[in-house]
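Number of protein chains: 2
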Amino acid sequence: MTVNRLIYRPLGGAGEIGMNCYVYGYGPEGRERLIVVDLGVTFGDMETTPGVDLIMPDVTWLAERADRIEGIFITHGHEDHVGAVGHLWPRLRAPIHARRFTGALAKLKLEEHGQDPNVVQIHEARPEWIEAGPFRVQFVPVAHSIPESAGLLIETHLGRIFHSGDFKLDPTPGVGDPFEPEVLAQIGREGVKVLTCDSTNVFSMHPGRSEATLAKPLHELIGSARGLVATTTFASNIARVKTLAEAGRAAGRSVCLMGRAMRKMVSVGQETGVLTGFPPVIAPEDASSVPRQNLMLIVTGTQGERRAASAQLSRGKYLGIEMKEGDTFLFSSRTIPGNERGVGRVVNAFSEMGVDVIDDHDGLYHVSGHANRPDLQQVHRLIKPEMVIPLHGEHRHLREHAKLAIEGGIAAEIVTNGMMMDLSGDAPEVTEYIEAGRIYLDGSVLIGALDGVVRDRIRMSMNGHVIITLLLDENDKPLGDPWAEMEGLPEFGKGGRVLSEMIEAELTEFLDRAGAKLLRNDEKLDDGIRRVVRQVSVEEIGKKPEVTVVVSRLSDS
Amino acid sequence: MTVNRLIYRPLGGAGEIGMNCYVYGYGPEGRERLIVVDLGVTFGDMETTPGVDLIMPDVTWLAERADRIEGIFITHGHEDHVGAVGHLWPRLRAPIHARRFTGALAKLKLEEHGQDPNVVQIHEARPEWIEAGPFRVQFVPVAHSIPESAGLLIETHLGRIFHSGDFKLDPTPGVGDPFEPEVLAQIGREGVKVLTCDSTNVFSMHPGRSEATLAKPLHELIGSARGLVATTTFASNIARVKTLAEAGRAAGRSVCLMGRAMRKMVSVGQETGVLTGFPPVIAPEDASSVPRQNLMLIVTGTQGERRAASAQLSRGKYLGIEMKEGDTFLFSSRTIPGNERGVGRVVNAFSEMGVDVIDDHDGLYHVSGHANRPDLQQVHRLIKPEMVIPLHGEHRHLREHAKLAIEGGIAAEIVTNGMMMDLSGDAPEVTEYIEAGRIYLDGSVLIGALDGVVRDRIRMSMNGHVIITLLLDENDKPLGDPWAEMEGLPEFGKGGRVLSEMIEAELTEFLDRAGAKLLRNDEKLDDGIRRVVRQVSVEEIGKKPEVTVVVSRLSDS
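Quick note, the sequences are listed as chains C and U, same order.
Per this note's numbering, residue 1 is the first one in the first sequence, and the count goes up by one each step.
Per this note's numbering, residue 558 is the first one in the second sequence, and the count goes up by one each step.
Keep in mind that the hints were calculated from the coordinates and are not lab data.
On a predicted model such as this, the values are computed, not experimentally measured, just so you know.
In this text, a Cβ means the ideal position worked out from N, Cα and C, and glycines have one as well.
Treat the hints with caution; some may be incorrect.
Computed, partial: chain U to chain C, Cβ under 7 angstroms [unchecked claim]:
#: 1; residue: His952
#: 2; residue: Arg953
#: 3; residue: Asp1013
#: 4; residue: Arg1110
#: 5; residue: Ser1112
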C-alpha cells in the first residue's frame, strides 16, 4: 500500500522579509506532486551585495523536480511575490495560476523575458476550485496594500492548509477586497490543519487601522498647504494612490502621477477592472503649466531610490517641475529598515530647498498592509488551525509569531528556508534540511550567492586592488622592472612616499634575490609577489589590498 | 580705528549628526583670533565610503590660520566631539581645554598618536573662566549620556554666546551633572546674544525622561529573567552602565563587563573621580564559572558592529560564554539610523538560539542623551538669546529647530558647515562660504574625500574589474595574445560562454585590425582596448566593468 504524505518546504521568505517562495507536496515520499506558492525577489544593498540587481531564491531543488510541479500559484502582485517569475519560470515550466490583476503583472514579467505569457491562467476567487494534481486550491480574497491579494486554501486528502499570503484586516481598504471575518470563520469551521501565516507586523502591538481613516487627515493636510504638494507612496498600492488623488481633488488641485511604475500600476488596475472611479489626472508634460498652489504630484520613490521621481525632485528639476520654499512633500509610506540613509538624503535635500517634509512619524498619513499582533490573534481564533507555521518574516518575527500562537493555545513550529516539514501526522516534524541558497541577477546574468564574485567585489571595495605585471625573458629572467598599477588606493603612503614606487622597489629587490627555481615556478612567484605587495602596503598605508599578478613569459609567446 | 567682529563658522556637525567642529573668531576682519569647539569624527558606511575607517572634518581652513588659534575646547568625551583630536591636533597645535574626564580621554587619543598629552589643560567648571585671547570661556555643566558634558559660555566684547554642547534636561542623570534650570536662567539674565544649540531630538515631541526612571523597569525585567541576562549600551554611557549594573546586583546577579571600550570607560571614570559607588564586578575570565541564572553581562555593540561583544555572542562562544534558549538579551540603547540591518543580524542570530531579545521598542529601558522638542523650548526660554543658531543635526533638524525658535519669538538662522556668520551687529549675516570638506582615515593614511580613491572602490564593487595585459615587441607588434584577468565578475556570460575568452578573442581581432600608428600610440591603444572590453561585457553580462590596461613594450625594456 502506498503511504502518501503532505510536506511543506519554504525556499524563501521564511527567515527574511522578501523573495517569497514556498513549496507544498503530496504523495509517496520522494515522489510527492508539488505546488509552488509565489516566486519573489528581494533587493540587495551595498554592504552585502554591491552591484547585484536582484536577489532570488535558489530553486535548484525545485528545478530538479520540475516534472513533479503541478502549478505555481501567485498570491499577489508585489515584487517579493511575483518578481522572479520572468527569471525563474524557464527552470520550472509549470502553469502559473493567479487572479486577474496579479496575472496581468505576471504576464508582463514573462513578456519582458521573452517567455510565453499564456502559461498564466486567470482564476476567479473562492468558491472556484483549481485542480492541481492531488491538490485543490482556492484563491481566498484578503485585504492588503495591492488589489486582489489572496490567501490560498489548499485541500488534500491529509487535510487542509490555509496559506495566508500577505494580508491586513481592513473592512474598508478602498480598492481590493475587504476583510470579511465570516469568510475566515467559515474556512475555520470546515477544518484547517495548518495555518501558514504572514508574520511581518507581529511586533506592532495595536490593531491595524483602515485605509479609509486616511482620507480626512490627508484632505486637511493638502487643503491647508500653500505651495505645491508632492506625495509619494508605493506604486503598487493603488488604493493609496486613489486615496491621495481623491484628497488632492477634494482640495481643489489638479493631480499628476509621476514615475513609470506608478503609471503602469494604475493602468493595469484600470484594464483589469480592479480600479474604478479613479479621479481624472493630468499628464506630466502639462503639470508645469498649472499654478503650484493648484497642483498635487503623486510620485514614485518612497525609499529614497536615487533614480525615482522623489529623489530627482529633491535634486532639482524633474519633468519641468522644481520644488521650492513653501512647498510640501509627504511620505505616505514607511521607510523599510536599511533604507533610512537614502530616505534621509531626500528629506535633507528638500529641507535645503525650504520644502516642508512630512513623514509617517505620527502615523496619520499611512497604514500598513500587514496584520498587526492583535489582528494575527483574531485570525488564529477565526481559522482555529491545529498548528500555526509562521512565514513572511525574519527569524525574530517567526519566533514571536510562534510564541503568540502558543500563548493562544495553538501548536506552532518555526520552519525556516530549506527545512522540510512532514505535515501528515498529528505531530508535524522536520524531516530534512537543505541549505536554501540565493541567486543573484547581476547585470543580465544569474550567479550563485556563493560563487565568490560578490565576495571579491566587497574585498576590492574595502581594500583596493593592486595589479602587478612582470615580464620574464626566454630564460625566465626579469625583463625590465615589475610594474604596479593601483585602483581604489591612496597614491601616497606614510611620509608622502609614492605607494606604487615603494611596491615596485621592493619587488625589484625581491626578484633580484629570487633564484632561478622560484622564477620558473608560476605559483611560488605569484605567492612571493603577493606577499611583498601586502607587506609594503601594510607598512605604508595600513591596508592589505587585493592583488592580481600577471606574469608574461616570452618563453610562452 | 580697528573694527572688531565676532564670527561663527561650523566645519562639521552643522548638516549632519557627527564630526562636530565649530570655530568662533573675534578681531579685525581677516585677523580674527580663533577658538575651536570640538574635533570629532563620524563613521563611514559601505554605500558611500567602503574601506574608510573614520571620517573627519577638513580643517585646511583652520590649519592655514593655526597661528591665530587661541585654544581648542572639547565639550565632552563622545567620539563625534573628541575622536579626531589625535589625527588633527598636529595640524592645529593649540592648547586643548577640557574638564577632567573629557581631558583624560583626549590625552589617551594624543598618546595613541604619539603626541604630547600635556597640551591638554584640565579645567574646573563655571564659575572658573578660561582666558583665550579676546575670549573668556566657561565650561557650564550639562546633563548628557556621558559624564562631565559641558556647554560653553563664550564671552567677547561684542556679546556672549552660549554653545550648548550635547545635552538633555535630566535632574537625576545618575552619573554626571544634573540639569539645573537656575544655572541656565542666570546665564540668560546675564545676557546671551546667540545660543548655538543641539538639534538632535527636535523631532521628539514628548519631554525627555530621566535616567532614574530606568531603575525600576530594569530591576523588574532582570528579576523575572530565568537564564543568563546580557545587555548592551554605549560604552561611554557610564551612567547607564552603572544603572544596569545596579539593577543586576539588585536582582542578585554577578555583573561582568565585556568589551574593551566599556572597561576602558569605566576605569577612566573611576580614575578621574566622576564615577563612584560602582557595584563590584567579576572579571570576564570568571564569568563562565557563575551559574547562568546568577549572571548578568554588560557588553559593547549596541549597533550590531561585527567585532563587538554583542555580535560575537550572537555568533557563538565569546570569552567562554554561550547564549542559549531561555536567556535574555537587552538593548538598552537606540539603533542609529543606517545601522538597522547590522542590529537586525544580531537580533535574528539570537532568535535562532532561542534567546529572548528585548529592544527599545516601548522605550522602557533606554532614555536619550539629547533634549527633546519641549526641552529645547524650555532652554530657549531660560537662556532668552537674541538669536538661536541650531547645530548638531542634519539639515532637516536644523531647519525644524530654527522654526521652533521663531515660533517662540526668537530670531534663528540656519548655518551649515562652511558658512561664516558675522554675529557682530544686530542682524547677523552670512559673509562667506567655503566648501566644507571631509578627510578620511583610510587604514593608516589620511585622504581627501574628493581624491577619487573611494569613488574607484565603489565603481569596482558595482561593476567588477577587468585587467588587460598586452605585450608588444620591439616593432610595436603584439607578441602573443592579449590576456584578460577579472576580479569581481561572473566567469560565464550569456549562453555559458567564458567571459574572459570572449574578451580576449575580441581584443585579438581588434589588434589584428589595428594599424601601426594606433599600436604605437599608448593613449589611443588604451582607449581602444577599454572600449572593446566594455562592449563585450555589456553584450555578455550586461555590465560595464572598470578596466585597467597594462601594455608592456619590449622597446622600453
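Evaluation of the provided hints:
{"no.": "1", "hint": "His952", "verdict": "4 angstroms, holds"}
{"no.": "2", "hint": "Arg953", "verdict": "4 angstroms, holds"}
{"no.": "3", "hint": "Asp1013", "verdict": "4 angstroms, holds"}
{"no.": "4", "hint": "Arg1110", "verdict": "9 angstroms, violated"}
{"no.": "5", "hint": "Ser1112", "verdict": "11 angstroms, violated"}
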